[in-house]
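There are 2 protein chains.
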Amino acid sequence: MKEIRVGIIGFGTVGQGLAKAMLEQQQRLLKKTGTTFTLATVADIALTSLPEEFSGVTLTQDANDIFTDPAIDIVVELIGGMEPAKSFMLKAIENKKHVVTANKALLSVHGKEIFEAAAKNNVEVGFEASVGGGIPVIKALKEGLVANKINFIKGIMNGTANYILSQMTDHGTAFKDVLKEAQELGYAEADPTYDVEGIDTAHKLAILMTIAYGLHVHLDDITVEGISSIEPVDIEFAKQFGCRIKLLAISRNLGEHVEARVHPTMVPEDHMLATVNGAFNGIQFQGDTVGDVLLYGQGAGMMPTGSAVAADVVDIGRNIVNGSVNRVPALSYITEHITAPVITPMEQLSCPYYFRITALDQPGVLAMITGIFGKHGISIESMMQQTRDTNEPVYIVFRTHLATEGDVEKAIAEIDALEVCAGPTVKIRLLIAE
Amino acid sequence: MKEIRVGIIGFGTVGQGLAKAMLEQQQRLLKKTGTTFTLATVADIALTSLPEEFSGVTLTQDANDIFTDPAIDIVVELIGGMEPAKSFMLKAIENKKHVVTANKALLSVHGKEIFEAAAKNNVEVGFEASVGGGIPVIKALKEGLVANKINFIKGIMNGTANYILSQMTDHGTAFKDVLKEAQELGYAEADPTYDVEGIDTAHKLAILMTIAYGLHVHLDDITVEGISSIEPVDIEFAKQFGCRIKLLAISRNLGEHVEARVHPTMVPEDHMLATVNGAFNGIQFQGDTVGDVLLYGQGAGMMPTGSAVAADVVDIGRNIVNGSVNRVPALSYITEHITAPVITPMEQLSCPYYFRITALDQPGVLAMITGIFGKHGISIESMMQQTRDTNEPVYIVFRTHLATEGDVEKAIAEIDALEVCAGPTVKIRLLIAE
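Protein chains in written order, with this note's numbering: chain A, -14 to 419; chain B, -14 to 419.
Identical copies carry no separate label here, and so any pair may be met within one copy or between two of them.
List of simulated lysine-lysine pairs, DSBU-like, C-alpha gap at most 30 Å:
id, residue 1, residue 2
1, Lys16, Lys71
2, Lys81, Lys5
3, Lys(-13), Lys134
4, Lys16, Lys97
5, Lys105, Lys16
6, Lys81, Lys97
7, Lys81, Lys16
8, Lys81, Lys(-13)
Since the hints were derived computationally from the structure, they do not count as laboratory data. Just so we're clear, the structure is a prediction, and the values are computed from it rather than from any experiment.
Excised from the complex, chain A in its bound form (with noise of 0.2 Å):
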């Protein structure tokens, strides 16, 4: 009988879904695959114990008892940040262990060094759980989509961000209320940083990108715009403009260099990533063949992403018992083929926009503001005015055509350091149609 050894390193909600998905799922891939996955060993620096319905499974204390154990052919890191998760990836791919991973911190910031050292030793890298939980975007990138040059990719990657701004859409509610009721129903962490300020967006972005690209891109190549600041005025405005406001990353593959960002966005309701709301995922590519592929699902929690760490542990048991570990590159194309990125720098970035400016509701206001645009090229598509009690500023809201983030930037440095202006001006970039 054929049979396919797991070490879990960390055994949080993710290591748990793992381990009951491999239980639950394992007559079911023994009939897809003729092999039984088994979960030999649980490393957890925490446990004494695992729940009964594990009795089967050692636990240890100590990562290195599964590195040395012989019998093991794919390790899970599921304890995610840094250290000592790098290290403990490096000595299990030093030790001709495959490594799974769900871990995407880690990926766009040390992919580099992980994917070059298991392309040393032989061994495979799984981290289809990194993006999108439980939704097999990984895959489809690099098999599905194979024949495609990728031109776009847009996506919902944090359920934490979206639920947060599917609230505010629906309830009005302003965002720090959000954010507390969501961390009281356990949505939010206590420290909510990585996902309402966009950064775990960007690491997923970071790795969708090189997948797509062939190219190596990090962390740092993002341009990265969270939530927090977004009021329950501009999704109202939003809607009069027929919009949602999502945290949206963004990838154009412009050629020459391609486009990284990371930021509110204003989507038209009619776009498919507009009724993706709560706590799901929706990301979307764009491939010169295939035109757009959205794939849609739960990007989050236990059982979703135990889908898809399983999915990645069947699938590199399937090369180990067939003898082609490799067959697909861990990262889309060819070691040799991955390059470095050009990322497009922002300031060069074209996208229409909507601005709301805090002025004084005094005579000529709207020629100046409306003159500076016209002086750095920004043409306005349309504009609304909200009215407040006398002698109050009020809102004035521009949606542009086409702009250029450049010239946006100086455009509001000058009407922002008008008299007449009471408060910084808000910008949101909206979802280019493409």
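Put chain B on the given structure of chain A with help from the hints.
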């Protein structure tokens, strides 16, 4: 240098799309696989020359030239229909060629024979393009969701029918007018029966059920109703209930038996499937581990379908090069674990229903109708009555809670036999919230 040589039978729209994709993507595929994928031969009974861009490709009118060419590794059948497609597939398989096809009609009727022949000859059968056009739905189901019991399949799998329903919804146009327009635009075929009567969708559902459940599902197992009887008034009432009417393929896995049905369905407008419009497809799976996953994209067309066929060619090519043929069983489950399905009898189907009853506007009519519903245990969730000119029959519209098809059929027969009923009752099933 590693090379995989491909022969195409049938150089219609998809055949040309594949040839174009193989040419355009050849360098990219080399960088991803280390293998050159070459289009060696095209067989088409109606062609005497190929476009200039394919100058290196051999053209024949005899498919046997492909089967008997020892240098050809993979045969792609793209002529469609039953014969000679079936004979060609089997001949290719007997000649130890791997085969790829987009022919859902063939697979949903003769799949068992073809897959058994392939297993006997140890060759692969790729059929990604048979469902969802360019969307990598087969790979997602077989590999990405491998560690899942699939509990629910629901999808919009025919772009023509979805285009027609979208146009009817947006413009209030009658079915036959939209169909005529779609035919003029080339979106619908001269004989649109397969598309609008749900047969094409049923082909695809049979294939998805087979690989999702490990059951040999045949086209004849599926209950099929098309969209040709849908009237604008039903689309309008659906809107008032907050729903869109879509032609859905639906299968719930109920353990002892599985549902298998294709019919117009009222979908809540906040459901992702309600937002799949125009010629696009959306296919949703619910797995016990992953929860809901939806894949969206172009379900037909020259290049999208070419993308899916090319992905199969590359997948099989990787297995040839790595000596790992049939590393993933063609039907997801290993042949000996695939069993005959037990299909839920339609009279046992349980879902909410929409009824449009045409009745005379007389006292007591409503009591008679609701009395019949009550007698058959059908519980009403809401009701609307359309007012009309005096003395004309009116529409009385009901939306029910969960009811059973058998009870519904009996109730409708009794209602339609009432003297006050002026036309047959229209019944549309609602998508069950699950």
